[in-house]
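Protein chains: 2
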Amino acid sequence: MIGNFETHINAKLSFLKNSKLLLAISGGIDSVVLTYLCYKLGFNIALAHCNFNLRGKESDADEDFVLQLAEDLDLEVFVESFDTTTFAQDSKLSIQMAARILRYDWFETLAKQLKYDYILTAHHADDNLETFLINFTRGTGLDGLTGIPEINGKLVRPLLPFSREFIEFYAKENHLKWRDDSSNASTKYMRNKLRHDVIPVLKEINPSLLQSFQTTLNNLQGSCDIIDDRIEALFKEGIIKLTPTGFKLSIFEIKKFHNIKAYLYRFLNAYGFTEWDDVTNLLNAQPGKQVFSKHWRLVKDRDYLLLSELVDDERSIITISETDKQVETPLGILFFDEADAILETSKTIVYVDKTTLNFPLTLRTWEEGDVFFPLGMDGKKKKVSKYLKDEKQSLLEKEQTWVLCSGKAIIWIVGMRADNRFKVSENTKHILRIELK
Amino acid sequence: MIGNFETHINAKLSFLKNSKLLLAISGGIDSVVLTYLCYKLGFNIALAHCNFNLRGKESDADEDFVLQLAEDLDLEVFVESFDTTTFAQDSKLSIQMAARILRYDWFETLAKQLKYDYILTAHHADDNLETFLINFTRGTGLDGLTGIPEINGKLVRPLLPFSREFIEFYAKENHLKWRDDSSNASTKYMRNKLRHDVIPVLKEINPSLLQSFQTTLNNLQGSCDIIDDRIEALFKEGIIKLTPTGFKLSIFEIKKFHNIKAYLYRFLNAYGFTEWDDVTNLLNAQPGKQVFSKHWRLVKDRDYLLLSELVDDERSIITISETDKQVETPLGILFFDEADAILETSKTIVYVDKTTLNFPLTLRTWEEGDVFFPLGMDGKKKKVSKYLKDEKQSLLEKEQTWVLCSGKAIIWIVGMRADNRFKVSENTKHILRIELK
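Residue numbers (full-length UniProt numbering), protein chains in the order written: chain Y, 1 to 437; chain B, 1 to 437.
The hints are simulated quantities; they were obtained by calculation from the structure and are not laboratory data. The structure displayed is predicted, hence computed values, not measured ones. C-beta: ideal position from N, C-alpha, C; glycine also. Treat each hint with caution, since some may be false.
Have a look at the derived ranges for each label pair, beta carbon to beta carbon [said to hold, decoys possible]:
| # | chain 1 | residue 1 | chain 2 | residue 2 | range |
| --- | --- | --- | --- | --- | --- |
| 1 | B | 332 | Y | 96 | 36 to 46 Å |
| 2 | B | 349 | Y | 257 | 54 to 64 Å |
| 3 | Y | 324 | B | 284 | 48 to 58 Å |
| 4 | B | 277 | Y | 14 | 13 to 23 Å |
| 5 | B | 208 | Y | 258 | 48 to 58 Å |
| 6 | Y | 278 | B | 391 | 20 to 30 Å |
| 7 | Y | 14 | B | 55 | 55 to 65 Å |
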């Protein structure tokens, strides 16, 4: 059984053998077993431990334990201390969610900076089952029932096929030591309820519950994949189209579907919408009518439902330094130093004479009173408001129009029209290509 | 609360107000509450009770109880007695499945014969939740998690949005009497476990569990609907095509999918296939290679996977009398007495001179040695084997070719070619149209 375990992990992780691995360790039994296994199999691992400072001395003892384990096994170890409570309060998140964000942010930063190829976590089959039951109990959709993936980008979870029972067995067989898992009290309460009161009864009904659960997850993941194919087809048919700040749905086409709500749920659930009747009613509402989620807005335009991000005041002016190669929020804009030939300017790619720019540039939504000199208009000045009207922009599209500026001068109405003043001329020495992602 | 209940049922059932309703009653609390409600609301109901004879005197007491209730409320009542144990043994089914088949068959026969528009059953929200958890515990796919529908053809389940707790409350408020529900012991064990040990814990975690569950079911049903749209599109694109005895899947197209197994599961799960690796491997197997389920066979043909029903020897010769208008198994063939004009003969519709036929006709699969006189071949005789070869029929298609005969003479190679000897001539008085459904 133990041999089987190690063989499985070895086979599973064979694609990681020549990789640098960062192993997330709490000091609990699961992550200690994973550490020991990877160590025994000779993988190239370093440990990463978060001290969330949520349980005073206990948290520090966890940290000490991990440091000692790293020393015993002669492994590199990283430890980071977080003021989780403050972060949770500041960002209005639950302690659990705050810890999750802090943890994964730090792992990813570490992995990036120190060139780790993969991040390993010690989730196992019972974790997966408990998550399924928590989501189910709270009410969910298909996405909430498909479980944690074994491999998801850089994240790899080698213990996912194995039960808690088996991991405990392995730990005891190998005389491993561990600390009690630190986890958020409220989830702990729920997880404990499920672990001790619910799952044993289900296992009584079906002793091979975990195996059946694996089958169920596979089947449900298959259903998700078929749905994804359907959605991809809708993109191909142009029924849903990406926009610079979200997407738009063809009202005419959506109305043809048998189960309209199902599609709206599929498209919009991830954006925090919950009032599905309101969302559905939007299809027949007056143009301009809107429904909001916490961070997103859905507007009924004439022919489309338009999804766009609500823009905070704080980030409505973005500063771009000369070394920035990429701006991510809310628009993805890329900057390339382009030495030689330029291709034709399009709505999404412009070329400018870099020496004419005053860095830092700014990116902001347009304002009443903005003027620019549209490229190809013989240097004539035009009001941005007039330009947008001529372009037949909808109310929402207008609101979401961004301008890239050098000082007060507009370089580019992003995704639409460049300004004449910054264009590349015969004398241009340094061409900058700016591209909407 | 009670008022709300009755209002809801009244509104839900408004489309049934002028209908004849058959109410399935066990004598248990749920069906008694439904009976009382329908009675109180003045619906046009009759009761139907199955005595499965599984619990001796208790079963008879249930029957007596239902008869008494019908008398008290002055309702028509039907009672049928079943030898469930024998039927289960003969048909190799579990007692539970046997009872289910007997019950629904009888309800449907009754409804058809006596022209009842709908059949009402008393399933409620907890039944639905228990079924979900049973399926989940055993291992399932999306279909096993979408619950019982409130309306499904003739079947209507008005209590589905309501909890057991609420139904009990209503029964007590109205001083109703009922008998303990009779149900199969093995499910009863599972259901009781879930009812008493699992669901209360889930309700502790989320007091509005049943409401959340309703949301989950809606969402999952939505996912099913999106998948159905995808499958419909595959039919439109010809990637899957119906055949007279099943369907066929284009191997070339299926291989393009990201998650091939998910599609094979979706197409074939309902036909009892379980060995998904074998099924998937068929895509790359030698032509002629097969995978079997209990009643179905999947064959790798050159370009297609072909699904077909396994034909029992017993039904391989079907006798058709002059009055039969329809033959259902394994092919659907319709017979129409056609007095006047005939349309063009096609592969699926033939017209014959009825007076040339010797009834009863027979329908059987073709045999080595069969000959016929293909229509339009100037009365030349041809071996059926040669004809099928010329038509480039695959091995499987050949096996599934049926012939309709008058005595020993072939009238029609079903779905392919008519015989010259039975054709309609100028002298034909009575034309029979024969059509493949």
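*Are there hints from earlier that the structure breaks, and if so, what are their numbers?*
Per hint list: 1, 2, 5, 6 violated.
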